[in-house]
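*Asks:* Protein sequence lines, in the order shown, are assigned to chains A and B.
Every letter in the first sequence is one number past the one before it in our numbering, and letter 35, counting from 1, is 35.
Every letter in the second sequence is one number past the one before it in our numbering, and letter 182, counting from 1, is 182.
Mixed in with the good hints there might be a few duds.
What the hints assert, rightly or not - Below, simulated DSS-like cross-link-like pairs (lysine-lysine); rule was C-alpha separation at most 30 Å, straight line:
| no. | chain 1 | residue 1 | chain 2 | residue 2 |
| --- | --- | --- | --- | --- |
| 1 | B | K225 | A | K159 |
| 2 | B | K75 | A | K57 |
| 3 | B | K322 | A | K195 |
| 4 | B | K183 | A | K57 |
| 5 | B | K168 | A | K126 |
| 6 | B | K317 | A | K140 |
| 7 | A | K159 | B | K317 |
| 8 | A | K140 | B | K75 |
| 9 | B | K75 | A | K220 |
| 10 | B | K75 | A | K126 |
| 11 | A | K116 | B | K75 |
| 12 | A | K123 | B | K322 |
| 13 | B | K317 | A | K195 |
| 14 | A | K140 | B | K168 |
| 15 | A | K190 | A | K123 |
| 16 | B | K168 | A | K123 |
Claimed, not checked - Computed spacing ranges between beta-carbons, pair by pair:
| no. | chain 1 | residue 1 | chain 2 | residue 2 | range |
| --- | --- | --- | --- | --- | --- |
| 17 | B | N302 | A | A155 | 15 to 25 Å |
| 18 | B | D303 | A | K123 | 28 to 38 Å |
| 19 | B | N302 | A | H73 | 49 to 59 Å |
| 20 | B | R321 | A | A155 | 33 to 43 Å |
| 21 | A | P242 | B | C152 | 50 to 60 Å |
| 22 | B | T254 | A | L56 | 40 to 50 Å |
| 23 | B | R153 | A | E58 | 52 to 62 Å |
| 24 | A | F236 | B | E323 | 52 to 62 Å |
| 25 | B | Y250 | A | F236 | 25 to 35 Å |
To be clear, the hints were calculated from the coordinates, so they are not data collected in a lab.
Quick reminder that beta carbons are idealized off the backbone N, C-alpha and C, glycines included.
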Amino acid sequence: MQDYVQNLADNTLILGQRLAEWCGLGPFLEEDLALTNTCLDIIGQAKMLLEFAAELKEGNETADDLAFMRDQHEFKNVILVEQPNGDYSQTMLRQYFMDVYHVHLYQALSTSTNQKLAGIAAKSLKEVVYHLERSELWIKRMALGTDESFQRVQASLDKLWHYHHELFEETESLTELVKQGIAADPNVLKQLWLKDVNALLASTPLEIPQKGWKATGGRKGHHSEYLGLMLCEMQFLQRAYPNSEW
Amino acid sequence: MYSQGLRDSKAGEDSQELLDAFQVRIDNEEKIEPRDWMPQAYRKTLIRQISQHAHSEIVGQLPEANWVTRAPTLKRKLILLAKIQDEAGHGLYLYSAAETLGESFQKMYQDLLTGKAKYSSIFNYPTLNWADAGAVGWLVDGAAIMNQVALCRTSYGPYSRAMVRVCKEESFHQRQGYDIMIKMAQGTPKQKAMAQDALNRTWWPSLMMFGPSDKDSTHSDQSMKWKIKRFSNDDLRQKFIDATVPQAEYLGLTIPDKNLKYNDKTGHYDFSEIIWDELFDVIKGNGPCNQQRMDARNKAHNDGAWVREAAAAYAEKQNNRKEVA
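Next up, chain B with everything else stripped away, as it sits in the complex (with noise of 0.2 Å):
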């Protein structure tokens, strides 16, 4: 279905003028579709990126379905349930986009079933109390919905319709994750440590979820000038941290950085460095929950194998006894 687009891109190195043809398109704002010419690294990173995308909301149903079981009221366990739903929901289309792009599913799945592909850090931290399924909705979905409205606009076009709908449900999850924040913050004592805790632990991490300093990010460069990225690292995660920090003192929670402050002639705020050791140690996979993320998506996956198997017998005997007829 996608030879055309494929064949135009494999086919040796990519031509100044087909390249050049291009970078017209983009910095006319045109919309790249599938059946397009494109050249060969865009394709490449196009799929990196959206297949870690669908891997990060794969295996980010892990941490919050930790809590699914133990959801304090019905309420909360119906809207967890929903929302972790909908990761699975993004992951599918996810996928479904990077499929535009020549990438089959099962190749990207087994990418990451083995390790070989990436996804996003923070899911390799812990969700150790119930104030972090509130954490993970304000920070991590607040987080992650300043990197996804940005690709609302993103060049290549299944992946911006993808994120369009993406954010109309992430904003939701961060609203109710917030919703649980204020619960726990207002709430007994032992309520409210609960929460400082849980904001803590993930602060640091959700700043990470930006990816590395602009000045040491491989990737960004050549992303931007194709307008796959349209903000810089180092830009959203500022966004992120000013429009964050008013909600934690609305919750008369501190956030962990003795050197956060305002800054008047910037407009910004001002924090610490980031321990990026932490982050590529992460990435590399030495987090705290690497192993147990992977060890249960393969638990998962080789479990339910048998299950595949007899579905696609029983498929293959109905189409049989079809032919037959």
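If we strip away everything but chain A, and leave its shape as in the complex, we get (with noise of 0.2 Å):
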């Protein structure tokens, strides 16, 4: 159970620590304030969730211990979430992707019978359907608008696509806590995801690429490169000057 909730936990936090890269650099004024919207929104369900992932862990830890004091094994994230924000269509696409699931995820988790779990889920799913409608309508308008734009989006499909098998992988503790009605079911969540996307690219000229990695290993701790170097700016106050209040 704490292992399904960290893996939730740490894909907000994640996510929302490579939106605050952006904090007061959109594209555009309306763009920057919407995306900092979207980014104080997943920070806030990752707090929501740590908190509950450090409750369950029994001991003495913290959500900010958990945040700031683990090495990137110990972080449960996938690997999509950690990736670089490149250019604007990269991190949108990103966000959609995330955005569908998170759609999905907090639905179901939303009658999730650990009433914790349901509650964190009803009050997120409220932010995250807006998050979407915002990033779709943004994949639209890259994959539709202009030439430069569908290829900038049509590249950061390429690059991105291999990552989102990992949101649904299955584990025999996974398994367990969908029978117990806990967990999202990750195969129903796969198909609710990808008759979504399908449906979206298919209204564009978007192209899914057929060969590629399949991404795995951030929910046993086994990331990308990118993580450890995010981490050491995010956590470097708390290394550096340990025990301190701030």
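From these two lone chains plus the hints, build me the complex, please.
*Replies:* What follows is the structure in structure tokens.
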């Protein structure tokens, strides 16, 4: 159970940290505001989930300890969310993949037999529905906008498509949680995700790449090289000045 | 939409009759609204002042965003993000307020990017340690509030109303900044040293935020007469110092001014002469971060060009489709 919540928490924390890198640097002012707002929602979700993950650990660790004092191999997020922002198409496509996933995930978890998880999911669902509306529109704008925007978003799709598989990996412990009505069924999520994403892509000239590596490992703590560097920055103060109040 | 107001003020010299009538309205504390007649110089001054204010909000995102990815706790990260988002929001509605005077957002923003327009000199200083995130809220937003509370009563309606909203959010910013300072000043010796270092570097540039001394301020007299400004630069600066010194004492930090002393006779703090050359130099573009800030704004704008073009092209295609249907 702890492992499951930790995965959900880390997905949001690392995605939120990546979005924070855009703060103040968006392509125009309104978009800068909207993206920072999305970032705020997602880090807010991370805070709730990390607090729950810390509670499930039954030790003395706090949500901040989990965020700022774990090394990269202890992070359980999927590799997709730690991928660099790249250009705006790469950021928005990563966001779109995660938004579709989060909408279906939180929808399923809002009826979880675990009350706490159901509560967090119901609250977060309201936010991610709005995020999805935005990121979906951006993919359409880019795919159907100009030649340059199409080429950029196609290049991002070629790069990021291979990372979605990891969102739906099955494990024995997850299967058990699904049976107990606690966790969302990854197979069901995958069908819902593919249906939505295929429908959007079909309404554009974008083409799904046929070959490539299927990302895996993040949930076991086997990450890309990007995560360690990101943590160096995120955890700097807590590491350099341990045992301080902030 | 604002053509009437514009036509009135652009049609040659402002007549004395109109100027007098305008002054009567100002003296009667009436708010001037976008469609009202106004002197050309009043409009020009406001466009300059409001757009500079908007630019300051936008450039001011950068020194704080420098610490967003390194904020030490989840709570601090969330607060800092929300604060920076507020600043961008302030920028948006200040640009809107300036647009009511007939200036386009594109023109104002272009002037910022080319370096033609100015913004507050304070944002050309670097934020070097985490306590700077606190000092910016405590001192920079604190100084801004002194200015902006006064501007809530400024004579131009849209600017005055924008300021009422801005002030509410700024007072939250100031409090969160001071809260960071409390934690740092009362923390470990290393944290306290960071807090003192941030105060040392931010104090004088904060005092410069009120602008040149009254005797050297080029825009002050007429602005006071038209009630665009309600208090002089020096009065607001003194008010800020008087309010801030006890706060620094509570933190146990030392303000970097050996001549700072409470004066029983005046009821105010005396302080050293500000090094005005530094202010004028930073305004001219020679501050530690002028180049860096402008490079960052230009890079964001240039990198975002294809995104804006895609959005415009998509919107146009959608419109065409609707027309065909």
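*Asks:* If you draw a straight line from the CA of K317(B) to the CA of K195(A), is it 30 Å or shorter?
*Replies:* holds (26 Å)
*Asks:* Starting from K140(A), check that the Cα of K168(B) is at most 30 Å away, please.
*Replies:* Violated. K140(A) to K168(B) sits at ~38 Å, over the 30 Å cutoff.
*Asks:* Is K190(A) close enough to K123(A), meaning Cα to Cα at most 30 Å?
*Replies:* Cα-Cα ~22 Å, so holds.
*Asks:* Go ahead and decide if the range 25 to 35 Å is satisfied by the Cβ distance of Y250(B) to F236(A).
*Replies:* holds (29 Å)
*Asks:* Going straight from one Cα to the other, do K116(A) and K75(B) come out at no more than 30 Å?
*Replies:* This hinted pair holds, its Cα atoms lying about 20 Å apart.
*Asks:* Hinted pair, alpha-carbon criterion (30 Å max): K123(A), K322(B). Please report holds or violated.
*Replies:* Roughly 37 Å separates the two Cα atoms, so the pair is violated.
*Asks:* Taking 49 to 59 Å as the hint, is the beta-carbon distance of N302(B) and H73(A) inside that range?
*Replies:* violated (39 Å)
*Asks:* Would the pair K75(B) and K126(A) pass a check requiring their Cα atoms to be no farther apart than 30 Å?
*Replies:* holds (21 Å)
*Asks:* Honestly, do D303(B) and K123(A) meet the 28 to 38 Å range at C-beta?
*Replies:* Since D303(B) and K123(A) have Cβ atoms about 34 Å apart, the given range 28 to 38 Å holds.
*Asks:* Between P242(A) and C152(B), is the Cβ distance one that fits in 50 to 60 Å?
*Replies:* violated (45 Å)
*Asks:* CA of K183(B) to CA of K57(A), is that 30 Å or under?
*Replies:* It holds: about 28 Å lies between the C-alpha atoms, which stays within 30 Å.
*Asks:* Honestly, do R321(B) and A155(A) meet the 33 to 43 Å range at C-beta?
*Replies:* This hint is violated: roughly 26 Å between Cβ atoms.
Consistency note: the structure conflicts with the earlier hints numbered 1, 8, 12, 14, 19, 20, 21.
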